[in-house]
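K.L.:
Sequence:
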Amino acid sequence: MVSVDKLNEYLKYLCEGLGHATRHPHLINYCSALMLTLDRKSVEPMAAAVDPYNVRSQHQGLHHFVADSNWSDRKILNKCWSWVVARMGAGEALYWIVDDTGIPKKGKHSAGVARQYCGQLGKKANCQVAVSLSIATQKASLPVDYRLYLPELWCEDSERRDTVGIPEEIEFATKPEIALQQIQAALERDVTPGVVLADAAYGNNTAFREGLDALGLKYMVGVNPSTSIWAPGVKPLPPKSKEPGTRGRTPTRHRFAEGHEPQSCEEVALAVSEQDWQFVEWREGTNETLSSWFIALRVRAAHRDHLTSTLRATQWLLVEWPEGEEAPTKYSLGTLPASTPIKELVYNIKMRYQVERDYQELKDELGLNHYEGRNWRGFHHHASLCIAAYAFLVAERLTHPGEEKKSTQPRKESALPDDYIPRGSPASTTSCR
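Each residue of the sequence shown is one higher than the last, beginning at 1 in the UniProt record's numbering.
It is possible that some hints are incorrect.
Derived DSSO-like pairs: lysine-lysine, alpha-carbon spacing no greater than 27 Å straight-line [claimed, not checked]: (1) K350 <-> K330; (2) K363 <-> K123; (3) K108 <-> K175; (4) K175 <-> K123; (5) K79 <-> K175; (6) K343 <-> K124; (7) K330 <-> K175; (8) K139 <-> K363; (9) K79 <-> K12; (10) K79 <-> K218; (11) K6 <-> K139; (12) K350 <-> K124; (13) K12 <-> K139; (14) K12 <-> K75; (15) K343 <-> K363.
Hints listed in this document are in silico derivations from the structure and should not be mistaken for laboratory results.
Starting from the given sequences, assemble the full structure and let the hints guide the process.
P.N.:
What follows is the structure, encoded as structure tokens:
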């Protein structure tokens, strides 16, 4: 059961990041409503839940607070993380998990909406996509940065940008570029570094991996089977020696030769003998111990080596081949130390899935995907407040680990008149924006 006193203490703490005291009641009401068991967590039903006899004025206040009020998402998310990390305990290994989440949308006027891949639906659809950075331990995880991905067509359309209030400084950036910006920002805020985890949508991007190397961060990231690598013990040929008496510069770039070329991750994995695959168990699942077959090899990434004179460092190639599958199914590259046991490599890459449970709860229980407004600011404000509500629940679970996991408060008895019709319902002619 959620402690009301502790919730009030937390919400008062969050209000310190808002600035004007006039905003405080709206944050308290908004976050409180998000933690109620409501069928829909857009502004109208939340206003009705927290103040059923003053729905119109409450709606106006909450709508202005989330859609128009100029408070900092970053400050609120920083305070969320500070509240949670204080309850995680010292010495916990940290993981920085990069991911994105899709929110299906109708129409074409909401900021960033486009036909693109939506993970929630598992296919291309009309949706918004947000890139996030979450920080996790074995016990808990929480998004600490969350930004709407803006497709290139949106970036080039000044009229659409102005209509939904996209800031001028926001330029087109790929999802891996946004993720690197979020990671850089976390380092600048002195967040304790962790192993960066990401799926192949990010790991396939060489610039993303090189960016992590440049920041001095270790990583375990998914890659496609076709990703080029140098097999164990193989590397690019050294620059060709300059013949005595010839003019011109001394060759400095690495070389390929017939029979001495990079291979795909899949080719390297399939060349490994059957007895070298190892059976690894990584954690207890709901009904059984999670396990599979793996190999871990020391390889070098291969990307335009013929254009550089710098030899890439060796790193891990981790490959999973589940029982019953005809071929390996998952490939990862990582820069953990060469002495890292295979079980630890597996545990690291599997930690990435923790963020998927976070998003399931943020959407199913806290209404992350229920925002009905169209503008840039409202999209981010609503997400920050959902994450703020989730942070409190995460902290309570850390404080009371033996209690049954509950993501929302018990259902509140409605004080609405029997004939009350929410705005936006089929019986109403007014839509809520």
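K.L.:
Run the structure past the numbered hints and jot down the numbers of the failing ones, going up.
P.N.:
6 and 15
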